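**Q** Residue strings, one per chain:
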Amino acid sequence: MADLKTTLDAGGHCVLEMPSGTGKTVSLLSLIVSYMQFYPTKRKLIYCSRTVPEIEKALAELKRLMEYRAEMGANDGDFRGLGLTSRRNLCLHPEVSKEKKGKVVDSRCRDLTSAFACEKGRANPGSVPLCSYHEELNNYETGNLIPPGIYTIDDVKKYGKEKGVCPYFTIRRMLPFLDVVIYSFHYLLDPKVAEQVSAEMSKESIVVFDEAHNIDNVCIESLSIDLTRPMLDSAARSVNKISDKIAEIKETDSQKLEDEYKKLVEGLQEANEAREDEDMMVSPVLSKDMLDEAVPGNIRKAEHFIAFLKRFIEYLKTRMRVLHVVAETPQSFLAHLKEITYIEKRPLKFAAERLTSLVRTLELTNIDEHYSLQKVASFGTLVATYEKGFLLILEPYETEHATVPNPIFHFTCLDPSLAIAPVFERFSSVVITSGTISPLDMYPKILQFRPVTEQSYPMTLTRNAFLPMVITRGSDQVPISSRFEVRNDPAVVRNFGSILIDMAKTVPDGVVAFFPSYLYMESIVSAWYDMGILSEVWKHKLLFVETPDAMETSIALRNYREACNNGRGAVMLSVARGKVSEGIDFDHNYGRAVIMFGIPYQYTESRILKARLEFLRDNHRIRENDYLTFDAMRHAAQCVGRVLRGKTDWGLMVFADKRFARQDKRAKLPKWINAYITEAHSNLSTDVSIALAKKFIRQISQPFDHTQTGISLWTLEDIEKRQLQDKLEAEQAEIELKKSMANGNGNMRNGHGGDGQDLDMEVDADFVMDDYNQLDDDQLAMLDIPDEL
Amino acid sequence: MAGETSSVRRFDVDFKKTPGTLSVTSTHIAWVPKEAGAMDRQNQAMERAINMLASKAGSKAVSLKVLFRDDIPSGGLHLTFSNLSTREEDRKAVQDILIPFVAANKNPQGASNPTSNAVSSSSSANANGSSSTNQIVPPSTSAAQAVLQAKGKRKLDDVAAEDVAGGSGIASPGTPGTSSPGGGGTTLSPAARAQRKREYKLRQKVLEKNPTLRMLHRELVIGKQITEEEFWDGREALIQAEEMAYAQKPGRASRLLDDRFDLDAGRKGKGTGGTGVGIKQNDNGPIILKLSKELTREIFEEFPVVQDAYAKYVPGISETEFWSRYFTSQLWERHRASVRKSAVDESTRKKDDIFDQYLEEPDWNIQPRQTLPDDVERFLDLAATEEDHGESITVRDVTMQAGRERSALPLIRRFNDHSKKLLRANDANRDQSMLTDSLYGSGIDLYNEIDLADLHGPAQDNTITLDVQEAGDMADKHGQEGAGGVLPGKSDEEIRSIASKSTAILSNFEPDFQAVCLPNPGFHLLNPDGTPSEQVNPAHEAFSEQRDAQAAAYYVIKDLHTRANAEVAINSPFPEQLHEQMRSCHNAATEFLRQYWSAILPSQSQSGTLGHSSVQAKENKAIKMAGYLKLTENKVKAIIETSVIMGFDPERVRKAMAPTVGAVKVALAREAKRRKKA
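Protein chains in written order, with the UniProt record's numbering: chain A, 1 to 789; chain B, 1 to 678.
Misleading hints may appear alongside valid ones.
As the list claims (entries may be wrong) - Calculated pairs, DSS-like style, for lysine-lysine (alpha carbon to alpha carbon, straight line, at most 30 Å):
(1) 205(B) x 539(A)
(2) 673(B) x 98(A)
(3) 100(A) x 421(B)
(4) 65(B) x 34(B)
(5) 655(B) x 677(B)
(6) 420(B) x 98(A)
(7) 100(A) x 490(B)
Claimed, not checked - Going by beta-carbon spacing under 7 Å, a handful of chain A positions derived as facing chain B:
(8) 51
(9) 129
(10) 132
(11) 365
(12) 522
(13) 551
(14) 552
(15) 553
(16) 554
(17) 557
(18) 579
I should point out that these hints are in silico values taken from the structure, not numbers from a laboratory. For clarity, every value in this text was computed on a predicted model and none was experimentally measured. Note that the Cβ used here is the ideal one computed from N, Cα and C, for glycine as well.
Isolated chain B, as found in the complex:
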């Protein structure tokens, strides 16, 4: 099939269900349809290939998905090997060719494009790129598991793969510096390993949810400044919260199970039969019903008889048969309890020996079939009233006879039942006595039922006395002031006279604008020689004086205003690159500080999932962090220099970084003191 050693190898490959030929050269991968024009030709440079995904061994179609850089073409090339006899080998051959390229391309990608790695968890590509050397290793045999030990790619979800690799002893952990926990996993007990695996998953989820944290993680951990463990130390709360969020089981959907699955299932679970509610597709052919776990669970909960039947028969008949028989049985028809039931349907239903024995008359009599408890609170006991009045000897008119529409009754009963189940589902663990507060139960507060809140008298105000120190003094002082009145030290007479004076002024008040703003004396009063005449001189002088004063005041105020607003003036933004550097520096410093202080300070709990820190470990950590912190100042200086080079105001950078530097200095001073003491 494939040319053994030629530079071009050809394979029969379908692309998008169109048969064609895949040609692989040393630099390019190209696909040409068999029928010309059936599909666009595909041609991609191998340098751009960043990942490969292969279908599981033993699955129906043997396919390979090749992803390219920048996601062009989008979704990559999905190739299905169509030559039945040799397709497995074909794929392997293609993979072998692609591996070096993928491995080489992956390294620089790993750090900056973590999202594309998300898909690699399910990857079974036979790639094993050793991080340090880019050396191509022959694909591992049976497990066909990828061991992507790329240096920058400390992707958490790969731990599963790592574990497998570690277990089978094929791949060794990467460079010692990464201190991969997966690598050391060989010595761990399976339980601990499972625990670790779970932890990794949780961490990953936390990172996914929290972009800032993810960035920090990338910078510090992937940038190998601190280890994974160190990073998470002190962040247990986040992981715990995440764990709790996942441990919380979603309640039952309140929707009533019915036969119209397509209502919202079509939107939700497109194509994925596993997650949707179950999709009923009726394209003129047989009805296809996708049963999900949830759906079966719901059916079991709703109709216990089905569960009963399932338990009895399913090992005997296949699950598919069980369900298909159920959905064509009369029992299902009953369970739907829909009112619109066609007669045709009824007749076409065939007899079913499993389900027909569960058939029972619909519960459509006035009396419910189910026996009811007799202990409802008196306040809700409708039966008591009904029986109290004796059997009504008159017949109510047609519209007021309950339960005349018999077909609606089972439906209504189902509603009530369903709602009750939903209600109970939430508090299944609750104290049962709460639910069955019987007639003599202590739970009923008779007076509570008749109490009218608004008829209570005004209650005593619930004031809290402030615990003021030297309250006595305060009171005394207050008392003195109180005695002094508005104007302390004045007698009543005086106050009264002041008051009367003020009133007099106010009542006789006349605004004297002339005194405030002088009128313009005008020019016509000037002498012909331009000097002001003697008579008007004082007026002119006064006027010009005032004018000058006003002008001076205006300048002063303007100056004050500009100065006052200088601080809030909008500065030009930091250049992107500089800003990035500053941010990174700050983030790193903050993290180091956090680590440092957490190492120095007495830890509050020794039981943290990650906190296996002994005193010695803490000491070591503190020293290490202090070492890191010492570098911070230089880093800041470097940034300032960069800003100078870029022509940006270095003072601003310094100011912006000042709090960080200050904090670092405090920590370092403290460290120096500590060391001296030691």
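Just chain A, same shape as in the assembly:
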């Protein structure tokens, strides 16, 4: 907390690593909320998490925190906190909410709520179907759509149901008035969404990226686009449809097109003014000045633009016919494009925006049909906008051995800092935190920012709550590894299987196993089935496997948890970078052991990865192997860290690969895990490890005094003692500082009268008295908040 406060005071960024499941969310929230409440200038908190379950949990934590504050007498007034998620998760419309796909929900919602639909519907009730929930919202006062307080996503839905208002638009319209917003990374990083959603956020806001170990991949993903042949075909169809529509409108209502043309001359900015809350069709980042520019003449007219798009799609189709791999820079692509089709860079840049405007003018419905066309247009815009840090790769075949061409045109971003740069620029304090972001210096390097603090916190444990083991050999002493050459070797497959069987036998309740990739998991699962390994596992536990469909997996997960709860015990097989590994906790009985089968390396044959590695090497001096290992280990640690939640929890961590024994791999694990891997446990065979596991389980299951007072929980006296000690030290330092520098006092920025609840390390000696004066009762009460640092 002290480090965090230093950062906030200094108005800079920081990277913090805290062991998973030690209450980092609540620590962050409690400090920042107190901080915000203490300073009269309202600084907004933007808290970004990775998945919806995590957002929901963070909201719950916040809600509880505020309840606690209220209990302790803090007057938070009309403090508001909400979480934002997609329409699909919030929709209450009886029909629309039945849709499973987010895209479809968005599109149908737009049909019911867009400005023109509303206008028509209100002018002539019954002519156009409207969403009653959305209409109801207009009866509420702007900025007070929902009473103050903290609402979880489910709370908002419940509220919406009661009052008959749309939860999604409630949150959207309340965004500027909120004190705390919790949403997913994408709303801040993805330029397509960020412009819309996060534009109103003040510069003073504090941004927290929780679970940020994967942030660079999110950044890259948000600026990359892949096109496939079917997509292009679909885009071509959309173009034809739109041109039909244009012809139709021209006959009936040519005035409309005229108006649009005029607007476009004035510039995109004004054209956009009319639109309400439509984040449907948003262009990729365009700089402000570009928005003010007039749209180039040759695409201003609707027919012209359509012709333009047709040509562009045709060109891409021709490119896809090539049967060998092509990698080129955006510049060379544009040059070639110009040569063949006479399409210039400038109009291409506006393609996406122009399409949006056209769609709006034509009042098209069912936008999801034109999804591919949007993608093509954004592709064009991105290609024309960015020159550096991007690469175009055409892969005619999916795999090395495939014979049927299935061309994919990757437009890939190589530099994650491009997407996050606006965030660092705009917001004064950005906190990046996670349980597993070792090594800490990697992130500032690849995201290109300068943190004020980088800190990794160890875990204070009263007993060894987890036992990490590295299994390198099977019981038959055959080394096991998920290395590509040996991974399908029957001996290795069997040894992996016997680890699973033995663990299923030994460990109570839930066991989670992670594989490096879907492909491997699917092949190994069928191999195990044929070898009869799975029927062995079934004797001891039920078996659940992650499937490609998210909903199906969720249901499997629910059943898994039920099996763990009722004592039947279960095994969950999933993939290290997959859906389950992100954001699902396997705490307590839901995960008494995690097994990592192999090291979750990325697919090294991927050309995109190769290009990225090259980029990292050239620009940041990061060796390929270093990055690959770093990437693999952070995912491994992430998976393994899922078992622990709180210090009363315990679990086994099994790393089953002989390469985990190597020091360079282990060094990249977070400190709090690595510290517990002893040399003796780093090179085990299956039978020995099972014996160890048995011993561990017997020991850990003994009754244990779980009160952590004095170790990880501090009482008020403990903290006061510590503060006093710190102050004395600070005074001492101050005196020495004064001696050495006559005017050394001025350049120290710190909390004038810290808010008393953190362990302020560098309180100015002059302000010690003030400190005590300002400690009012409720803040003193806040001291009881668990302090992990």
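With the hints as your guide, set chain B onto chain A.
**A** Here is chain B on its own, set in the frame of chain A:
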């Protein structure tokens, strides 16, 4: 075929699949192979025959199994009558000859060798040995049921046979003393009879499980000291527990049904197609698959379509045909869902009009075919995240695309489904609302998900105040003591001085070994005449005094030690025979005591399955038991006498039996008092 009246009769009989001839004389039964040397000759004395088992009437092979005493030859002789035209008569003839021997041999065997009787339940030997007279009765006709009413053989599982016999009115119940419930069964309603039958089975099971109880049962009930009903009276709990154990249905095997039945089926259900999982035998010929009830049930549960097809078609086509078609159909191939599927297999599969209509595309698309409910807790809702981020516009690399290996997907789906079914199978009766805790369900505790147990402050200790009587006094006393400190009644000054004194002693402590152990004064100081010199005399005296004292002390202590250990010294064990007698006597006395007290004391429940005891019945029982108990003392005396005869310490026997005798005396005293009162 058979010589009508000759003393030797010959029959064509196969033994161990070897054709041969069976010769039966008045004393021996012998079998000789037709081809010399094909098999060892068999020759057994008829006196040793203890049982006969015949194959069911109408079964393919007409055979007879004769068992001999001590199980030699092991398994008995299994004879198959091979002369097609006369085999039935042949067997009957042999049986007729053997019956008297078997009946005669069975009687003494029955009591001591109950295990051999286990097989007799399925017996259909035409033996009807009347217990009291050993009189041979002609075999009963159609039912061909054995009525083994042997006196000592109150074997419970014979009740079935008894019931049949009772029903058909052929055999009368044995001696009245046995009070066979089966015999009285003629007057009972069928329902009550079924109930009784079940009870007997349960009792038998209890006995089987509990050897001690079985021994007691044999001694008392079969030894006709008390009746069956009396024995079980008060032991309802045992029977109930047994019943519950059997009523508990075994859950589904968690193993996934697949085509490799041989994996563990080979071990489990050897030869018995009915109990195994189904055995696939592939000896270069057609595949033989033994279908058990469980297997079909499992298949039905796993694949509802098969059940559907079964329900539709099976009356039309035979069951065998149904299954054989199923296992050769493509549908089965699909259901196996194994990844290794050979192309040859695919082509050889023939079209099947029943099962092919159930064929559907394997469920191997990314989207599952099955429609899924949309109500997963928010904390597990992966779809929410996926849709929240919008459709990913990038394609993941090959290895990370889920569901690329299409053939694995149906398999994985089956795993999940199977596990789910197993999970649900256990709590089918459970409240359904528990399973479908929807988004708005009250079951989700949001805070529970984010709660960290270790961050709770130390809770107040959950101490329970002891409810001590006169707690106030205790506290007062304690308080006084507390005020008194370590040494009550002394002032601080005194204590302090004591302390300082002690410290001084301790710090200046020097061990004075001389005072404790005197040195040997030595011999050289003796005078030449052997008397100790005057100077050294005191030292010598002191030394010898101490030595004598030590010696005396040693003897005393040794004596004490031997005395102290006398009780734990290992005595020679009781002679086997004596021990047996004592045990039997004790067991019987205990049982009588139990019965007596249960008759005297007010019964806690009148609803016991066996407890139809009215007050009068109880009174009678008490008197009867008291009568038995009175005999106990004499029995003990008899045992003591035996021990005297055997030259064993009678005192030890008496001591060993003392608790039993004491308990009996208490009961008798009580009985005497009761009678006086009455």
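**Q** With reference to the structure, classify each hint as holding or not holding.
**A** Consistency of the hints with the structure:
1. This hinted pair checks out: residue 205(B) and residue 539(A) have alpha carbons roughly 29 Å apart, not beyond 30 Å.
2. For the hint linking residue 673(B) to residue 98(A), the alpha-carbon distance of about 85 Å lies beyond 30 Å, and the restraint is violated.
3. Taken as a hint, the residue 100(A) and residue 421(B) pair is honoured in the structure, with Cα atoms around 25 Å apart against an allowance of 30 Å.
4. At roughly 20 Å between alpha-carbon atoms, residue 65(B) and residue 34(B) fall within 30 Å of each other, so this suggested pair holds.
5. Restraint check for residue 655(B) and residue 677(B): not satisfied, since their Cα atoms lie roughly 33 Å apart, outside the 30 Å limit.
6. Taking the CA atoms of residue 420(B) and residue 98(A), the gap is about 25 Å. The hint holds against a cut of 30 Å.
7. The hinted pair formed by residue 100(A) and residue 490(B) fails the criterion: a straight-line CA distance of about 88 Å is larger than 30 Å.
8. Among the interface hints, the one on residue 51(A) holds; its C-beta lies about 4 Å from the nearest C-beta in chain B, closer than the 7 Å criterion.
9. Interface restraint check: residue 129(A) against chain B, minimum CB-CB distance 22 Å, threshold 7 Å, status violated.
10. Interface restraint check: residue 132(A) against chain B, minimum CB-CB distance 20 Å, threshold 7 Å, status violated.
11. Because the closest C-beta pair between residue 365(A) and chain B is about 19 Å apart, greater than 7 Å, the hint is violated.
12. Proximity of residue 522(A) to chain B holds as hinted, the smallest CB-CB distance being about 4 Å (cut-off 7 Å).
13. Here the hint on residue 551(A) is kept, as its CB sits about 5 Å from the closest CB of chain B, short of 7 Å.
14. Here the hint on residue 552(A) is kept, as its CB sits about 5 Å from the closest CB of chain B, short of 7 Å.
15. Checking residue 553(A) against chain B: minimum C-beta separation of about 6 Å stays under 7 Å; hint holds.
16. Evaluation of the residue 554(A) hint against chain B yields a held restraint, the C-beta minimum of about 4 Å falling below 7 Å.
17. Interface restraint check: residue 557(A) against chain B, minimum CB-CB distance 5 Å, threshold 7 Å, status holds.
18. Restraint check, residue 579(A) versus chain B: the minimum CB separation of about 5 Å is within 7 Å; hint holds.
Consistency with the previously given hints fails for numbers 2, 5, 7, 9, 10 and 11, ordered from lowest to highest.
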